[in-house]
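Peer 1: Chain residues, written in single-letter form:
Protein chains: 2
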Amino acid sequence: MDTFFYPRSIAVVGASKTNLGYSVLMNLVNGFQGGIYPVNRNHGEIEGVPCFSTLEAIPYPVDLAIIIVPAASIPAVLEACARKGIQSVIIESAGFAETGADGLALQDQCVAIAKGAGIRIWGPNCMGVVDILRKHFFTFMHPAIRAEGLLPGRISLIVQSGMMSAIFLVELAHRGIGVAKACSIGNRADVDECDVLEYLLADPDTEVIALYSESILRGRLFAQMAQSSTKPIVLLKGGSSEAGAQAAKSHTYSLSGNSRLLNSVLELSGVTVADEIYQMMDLANALATIPHIDPACRTAIVTLSGGAGVLACDALERHGIPVAQLSEQTKKTLSELFPVWMPVANPIDLFPTVGLHGRDVAFGRAISAVLEDSNVDVLLIHVVVGLGEDIEDLAALKKKADQLGKMVLFWLMGRQEAGERFRQRARTLGIPVHADISRAAECLRAVSKFMVHKTIATADGAASTPPSASVSKKPPLPSREKIWDEFDSKQFLASWAIPVVEERLVDSLDEAWRTAQAMGLPVVVKGLMPGEVHKTEHGLVQLGITDKFLLEAAFHHIQEKLDHRGKILIQKQVQSEYELIAGFIRDNQCGPCVMFGLGGILAELEPDVAFAMAPLYREGALKLIKRIRSRRLLQGFRGMPPLDGEAMADILVNLGTVGVAYQQIEQIDINPLAISTGAPVAVDATVMLKD
Amino acid sequence: MDTFFYPRSIAVVGASKTNLGYSVLMNLVNGFQGGIYPVNRNHGEIEGVPCFSTLEAIPYPVDLAIIIVPAASIPAVLEACARKGIQSVIIESAGFAETGADGLALQDQCVAIAKGAGIRIWGPNCMGVVDILRKHFFTFMHPAIRAEGLLPGRISLIVQSGMMSAIFLVELAHRGIGVAKACSIGNRADVDECDVLEYLLADPDTEVIALYSESILRGRLFAQMAQSSTKPIVLLKGGSSEAGAQAAKSHTYSLSGNSRLLNSVLELSGVTVADEIYQMMDLANALATIPHIDPACRTAIVTLSGGAGVLACDALERHGIPVAQLSEQTKKTLSELFPVWMPVANPIDLFPTVGLHGRDVAFGRAISAVLEDSNVDVLLIHVVVGLGEDIEDLAALKKKADQLGKMVLFWLMGRQEAGERFRQRARTLGIPVHADISRAAECLRAVSKFMVHKTIATADGAASTPPSASVSKKPPLPSREKIWDEFDSKQFLASWAIPVVEERLVDSLDEAWRTAQAMGLPVVVKGLMPGEVHKTEHGLVQLGITDKFLLEAAFHHIQEKLDHRGKILIQKQVQSEYELIAGFIRDNQCGPCVMFGLGGILAELEPDVAFAMAPLYREGALKLIKRIRSRRLLQGFRGMPPLDGEAMADILVNLGTVGVAYQQIEQIDINPLAISTGAPVAVDATVMLKD
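One line per chain: the protein sequences are L and A, in this order.
If you count the first sequence from 1, position 536 lands on 536 in our numbering, and the numbers rise without skipping.
If you count the second sequence from 1, position 119 lands on 119 in our numbering, and the numbers rise without skipping.
Among these hints, one or two may not hold up.
A pair holds if it fits inside one copy or across any two, identical chains being indistinguishable in the list.
Said to hold, decoys possible - For lysine to any residue, the following SDA-like pairs were computed, each having C-alpha atoms within a straight-line distance of at most 25 Å:
{"no.": "1", "residue 1": "K398", "residue 2": "R425"}
{"no.": "2", "residue 1": "K84", "residue 2": "K535"}
{"no.": "3", "residue 1": "K399", "residue 2": "H556"}
{"no.": "4", "residue 1": "K449", "residue 2": "N19"}
{"no.": "5", "residue 1": "K626", "residue 2": "D669"}
{"no.": "6", "residue 1": "K535", "residue 2": "M640"}
{"no.": "7", "residue 1": "K548", "residue 2": "Y6"}
{"no.": "8", "residue 1": "K572", "residue 2": "V541"}
{"no.": "9", "residue 1": "K17", "residue 2": "G355"}
{"no.": "10", "residue 1": "K331", "residue 2": "E242"}
{"no.": "11", "residue 1": "K449", "residue 2": "E242"}
{"no.": "12", "residue 1": "K572", "residue 2": "A553"}
{"no.": "13", "residue 1": "K626", "residue 2": "L605"}
{"no.": "14", "residue 1": "K561", "residue 2": "S368"}
{"no.": "15", "residue 1": "K561", "residue 2": "T677"}
{"no.": "16", "residue 1": "K449", "residue 2": "L605"}
{"no.": "17", "residue 1": "K399", "residue 2": "R359"}
If you're looking for bench data, these hints aren't it; they were derived computationally from the structure.
Note that the structure is predicted; figures quoted are calculated from it, not measured.
Could you build the full structure based on these sequences and the hints that come with them?
Peer 2: Structure follows, in structure tokens:
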């Protein structure tokens, strides 16, 4: 991979005096310090750079070839590359898989040639590689983009879509955010996001990786790399909506896959997931500038506008960032600044103190007190610049914050020019400045989450506890049906130490009544039909059987519905506080995964599920349990007993182990997993095998 | 009120050569065309404007006085105003209610003097009045703010907080959004947001009203005005979070009140509620430029970047805006532009057509086809400017869109200068331009909702159907207890035609068993204790009583818990698909209101309720039912019977009627309101009276 970024010499196949071939060459001439060898049989030179009629005519060694000739001629070019001994090729031309079956065949042909010759292909249909620090522009990117003032920085980009790559560079420049490398990977015929991620994780210039992608080819590997990464990764995933996924399909000819699962798995692996372009940029920038603060991110707000203080609280609370409770010491210091009638509280509205002490004294003393407060991790200062004196000594402020291990950031308003000056000073010092308080709160949230991830990623041994159920003692699967009925499914899960409801198949009404009495009333009567998973909708479930009369009615009703084709099940009716769901799924991007979520009809309306890759260790299972939106429900909400987290974690670990142990298993659904005085028990379940 | 905006002459009490008194005078001199009379006994003139030693020394009639002297001296100034016959006074000085009890007393004294003399007070503690169209700056606002290039426009502002008023003007100017009037109302000792709203609704210069407020003093009147308004109103409500409400309390010394209720009532009245400053500005701007389009807002997307198309779909779907299904005719036209391998779909990615037809032809023909498509209401064009030719003929595009009754807007990216030029051209033509696609989608959502509101606000008779239960036949209240038990509460509600569960009070176990048999098993046994609303937590509810043995156990258990102090209730156990809640509440801002929402434990975790003012008419009740997030649940979700909307509306109408009829009623809670085969029935209820 190194050759794609730091070649000693580059051949440009398709260099020309106009169009993209000209842009590629000029982008090299204006920055690249190594050998530049344009290949063009019609010109002796272009802008003073001598041309060669073929690759093989170049009398020097060539590390990298950039190809920008029509697609149809590229197989021949690759063969020439092989003869010349070139190991790395960036194909920037379009006309491959994205145009349909013929293009895909052409692309496959190129990959085959390259593979045979040990050549790695970057692209095709991409904008290539940019390294701002070294002024490497291995791309046909419009020269106007460089004129927008690209800033060197610590964020590297991986971008699937070519246009987006250019857009990101321009928009980051406008926001004053610096970039290390930008990698437009196009059709990913060979080099894909995992290759580039692996490279950037080891790249000393890169501190944060931001990614735009409509699908991730090797989601599992990607998540595994993220899991152990101490560099923040921010993902903007296109195609997360139904309409968007449809559009992504016709844009990149690759299925977006299960976005909910992928995002959930990646978030659990420490990836920050963004919804939109600027949000992604701001999150990446925030993650590039964070000091080592407490993940609690208890935030103090200093302002001269009471209204801004109110709105800041609203935004922080909306994003789950706690408004700090000031210590008694801080309150005492502040009360000496404030007029007597003014209560001391966070947000700290300094407006009434300015008249008493002057702006500098008021700000200086308040900020010092707050930074020294051990109840405060983050100091958010709201300023309106250009309408009087502004805070001048940002360097001292930043130094003090760093010394105390605190984060300081600004919510900036005011006059345009003064604002720009302020922003530039803050940028030089690495102080984040936000125009939008909601975005500031989102960034703090991302910082907080990443601080937690980093602690885990850094600690050894977190992933070393083996799953409780061992895979070595694996009996053969009890059924070869594609869809197992709930009895078979639960018997199987029970053999893997997953608690299931008490139930028994019965042949006669007499046996049914004896069973019901033995279990204790009320019971449920269910009819099991091969392949039928929608029992309730088909009248095959009778709840609340409390006496012999009701049992008889239910038994006959279901017997009639079954029409001699199925089995009758008597099941103890579980009184539950609420219902969860759990399961196993084999995903095309992430491989075997465990699912955990809220059950019941409302959860169908607004799904609340989280996923993690299997096999799952106890720590991972406990983390997964905490990922759902409704996690408060599990903690002993409204006087209910709390969920038995250990038992729940065991179930999730075992589901993962089972799924990994049996390659034939496609999916396992436990729905509902009833929670009865805090203990989980599988009431209904389905095991599905591959075709 | 007219005098506050268009006085013929103004006296400035406290005009001076420095500080705020100087700013007020200079803001008048630089714009106001009427008489300007500074009152200052120490100077003969200020900047050439002759001063008067007292108000009464002014030999001309004075319409408006602006007061900027220390608070303590203001009662005397108001008495002088009275003697001079001045009817309108803006007090910009601080030092009143916001400083505590003494300040509040001073403020009350001023109000009393003014009332006695028929003077209206604006403020105190405010930035006053600005009218950009007429260059009226009746304010001490920093002159630098005018230098930021304030644009005349059609949005008027009402701002409670003084600083926010200045911030809004500056930030709107930076975003190129024009303003008509800006009204900073401060402590609202007399003139409040309702007075100003009423005035602006009738103001021909104002087309949209944007409001920042931490509380609304007369919420009910405000909502009523909004209800019948055909001008959009956008509200940024500070203090919607717990921490924010706390901060608002110490900022404006007024309770934020029940933000959820207020926001809900206002949204139902057609108000657009914003969460943050820039969002409020963008929403107001979007609502100021909308043509009369179909509220469906079916949106077509035209772009040169497949990735942008994908992200646009994601954002639209996230905000509930449908991605349009193109007509066959449009598809045919587009397929003639596209290469054969390219499927025609929305988003319309024109990238592959540019090479075939040139950019102008591709864009021109695609845009025409889409605008003419009757399945399309909105055309969203994504452009990246400054990297080649840009769309030049915006005027023709806008004209065509207007002729066809369609809305066109841009998602703009690209180089900074080219972007600014594009934005200015679009602004002149009234075409919205967004940098952020999520915000664009939010704006479309607001436009869509407002179009629906406007249709209703414009139609007569919507509010003319009388509530079904008439208030004339009002019997006396059956109890004077502060908190009624559930039996009394439901008996009362049943007398108002609200369906309640079958239940009976019993004295003995024998009677309990006879009652249970008559009702049909299973039943519920409840113990009612005076004033006890947490029956379940206190073991006073026994569910699922299916036989005599269980009944006996439950009866004795509850009898013991009650210890001779309460009553025992036998209730039929209702099998329900799901649970709702409904109620009545008397709010301090909005008065009598009806509440509707989702029940059950999950709704306690993530509340999903909506409110409307009582009395409620059938149409209002039907609208209220549709306001909850989980409304899909009510429509016959997953094979369940749909909610009987008529029966539900009756309950809500009747709750409102009861609450309005009996002034003593403070609150009514029906929780749960069980939905059994689609029909609502009150299972538990509590009526609460005022102290």
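Peer 1: Now tell me if each hint is right for this structure.
Peer 2: Against the structure, the hints come out as follows:
1. Taking the shortest Cα distances, K398 and R425 sit within 25 Å of each other inside one copy (11 Å), while across copies they are farther apart (42 Å).
2. Taking CA atoms no more than 25 Å apart as the test, K84 paired with K535 passes in neither setting, with 67 Å inside one copy and 86 Å between copies.
3. Proximity of K399 to H556 under the C-alpha cut-off of 25 Å is found in neither arrangement, the shortest distances being 80 Å within a copy and 71 Å between copies.
4. Taking identical chains as interchangeable, the C-alpha atoms of K449 and N19 are never at most 25 Å apart, the minima being 46 Å within one chain and 47 Å between chains.
5. Within a single copy, K626 and D669 get their C-alpha atoms as close as 20 Å, which meets the 25 Å cut-off; across copies the closest is 33 Å, which misses it.
6. When the C-alpha separation of K535 and M640 is checked against a cutoff of 25 Å, the pair qualifies only between copies, where the shortest distance is 14 Å, while the shortest distance within a copy is 30 Å.
7. Within a single copy, K548 and Y6 get their C-alpha atoms no closer than 81 Å, and across copies no closer than 86 Å, so neither meets the 25 Å cut-off.
8. With identical chains, the CA atoms of K572 and V541 are at most 25 Å apart both within one copy (13 Å) and between copies (22 Å).
9. Within a single copy, K17 and G355 get their C-alpha atoms only as close as 67 Å, which misses the 25 Å cut-off; across copies the closest is 19 Å, which meets it.
10. In this assembly of identical chains, K331 and E242 lie within 25 Å of each other by CA distance solely across copies; the values are 20 Å between and 52 Å within a copy.
11. Taking the closest pair of Cα atoms, K449 and E242 come within 25 Å of each other only across two copies (23 Å); inside a single copy the shortest separation is 28 Å, beyond that limit.
12. Taking the closest pair of Cα atoms, K572 and A553 come within 25 Å of each other both inside a single copy (17 Å) and across two copies (21 Å).
13. With identical chains, the CA atoms of K626 and L605 are at most 25 Å apart both within one copy (21 Å) and between copies (15 Å).
14. For a Cα distance limit of 25 Å, the shortest separation of K561 from S368 qualifies neither inside one copy, at 76 Å, nor across copies, at 58 Å.
15. In this assembly of identical chains, the alpha carbons of K561 and T677 lie at most 25 Å apart only when taken from different copies (22 Å versus 34 Å within one copy).
16. Proximity of K449 and L605 under a CA criterion of 25 Å is satisfied inter-copy only: 22 Å between copies versus 27 Å inside one chain copy.
17. In the homo-oligomer, the alpha carbons of K399 and R359 lie at most 25 Å apart inside one protomer (21 Å), although the nearest pairing across protomers, at 53 Å, exceeds that limit.
Against the hints set out earlier in the document, violations occur for numbers 2, 3, 4, 7 and 14.
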